[in-house]
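Colleague: Let the sequences and hints guide you as you build the complete structure.
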Amino acid sequence: MPEGATTISEDTRRSKWRGDLVALITQQESRFRTGKARWNFWYYSSMYGAVLFSASSALVLKLEMEWLKGDGQTDAAALLATLAAILGTVSSTGNFERRWRSSRQARATMQKLQADLQNPDVDLAAVAKEYKRAIDAYQDGVVGNDA
0 MPEGATTISE
10 DTRRSKWRGD
20 LVALITQQES
30 RFRTGKARWN
40 FWYYSSMYGA
50 VLFSASSALV
60 LKLEMEWLKG
70 DGQTDAAALL
80 ATLAAILGTV
90 SSTGNFERRW
100 RSSRQARATM
110 QKLQADLQNP
120 DVDLAAVAKE
130 YKRAIDAYQD
140 GVVGNDA
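Heads up, the final residue of the sequence shown is numbered 146 in numbering that gives the first Met the number 0, and it's a clean run with no missing numbers.
It is possible that part of the hints are untrue.
As the list claims (entries may be wrong) - Result set (DSS-like, lysine-lysine): computed pairs, CA atoms no more than 27 Å apart in a straight line: (1) Lys-111 / Lys-15; (2) Lys-111 / Lys-128; (3) Lys-131 / Lys-61; (4) Lys-15 / Lys-131; (5) Lys-131 / Lys-35; (6) Lys-111 / Lys-131; (7) Lys-128 / Lys-35; (8) Lys-35 / Lys-111.
Claimed, not checked - Derived Cβ-Cβ restraints for the label pairs, each shown as a range: (9) Arg-32 / Gly-143: 31 to 39 Å; (10) Ser-91 / Leu-23: 46 to 54 Å; (11) Ala-84 / Ala-107: 46 to 54 Å; (12) Val-89 / Ala-136: 23 to 31 Å; (13) Gly-71 / Arg-30: 46 to 54 Å.
Read the hints as simulated data drawn from the structure, not as lab findings.
Glycine included, each C-beta is placed from N, C-alpha and C at the ideal position.
Modeller: What follows is the structure, encoded as structure tokens:
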């Protein structure tokens, strides 16, 4: 086989590998971006929701409101305090912050790998290795190191 044919075959193989890596990394970056947005919503909603419900509970007890006289006032305060406690518990047991951070870090790694793949001379094996490392780090972050 002529030497040029081997080089073309090797170039074709490398080009296909590059294309596959680009597609895989782009797909993962999109997934991580979506995951980051979702965990961001749940994390901040539960965190600020707990603060809002807790503060509202205190205000309901302190303020004089005609429509909440007597038992209605204490019932409303108890309900708001309960909601605050539930949101705080769900947020901490759901590990929303850790999951948000893991998605954010994984997305950043995918973006760096996309930039690396713009270099025609990039070491594709090193990119694939870093991709696998990022997936493992993401899984450790979502599941937790104690799992």
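Colleague: Does Lys-131 lie within 27 Å of Lys-111 when you go C-alpha to C-alpha?
Modeller: 14 Å, holds
Colleague: With the threshold set at 27 Å, check whether the alpha-carbon distance from Lys-15 to Lys-131 stays at or below it.
Modeller: 19 Å, holds
Colleague: Is Lys-131 within 27 Å of Lys-61, Cα to Cα?
Modeller: 55 Å, violated
Colleague: Straight-line Cα separation of Lys-111 and Lys-128 no greater than 27 Å?
Modeller: 13 Å, holds
Colleague: Within a Cα-Cα threshold of 27 Å, do Lys-131 and Lys-35 meet the stated pairing?
Modeller: 19 Å, holds
Colleague: A range of 23 to 31 Å was offered for this pair. Does it hold for the Cβ distance of Val-89 and Ala-136?
Modeller: 25 Å, holds
Colleague: Is Lys-111 within 27 Å of Lys-15, Cα to Cα?
Modeller: 20 Å, holds
Colleague: Quick check: does the Cβ-Cβ distance between Ser-91 and Leu-23 fall within 46 to 54 Å?
Modeller: 34 Å, violated
Colleague: Would you mind confirming whether the straight-line C-alpha gap from Lys-35 to Lys-111 stays at or under 27 Å?
Modeller: 17 Å, holds
Colleague: Taking the Cβ atom of Gly-71 and the Cβ atom of Arg-30, is their distance within the range 46 to 54 Å?
Modeller: The hint (46 to 54 Å, Cβ to Cβ) holds, given that Gly-71 and Arg-30 are roughly 47 Å apart.
Colleague: So the hint says 31 to 39 Å: do the beta-carbon atoms of Arg-32 and Gly-143 match that?
Modeller: 22 Å, violated
Colleague: Is Lys-128 within 27 Å of Lys-35, Cα to Cα?
Modeller: 23 Å, holds
When held up to the earlier numbered hints, the structure conflicts with 3, 9, 10 and 11 and fits the remainder.
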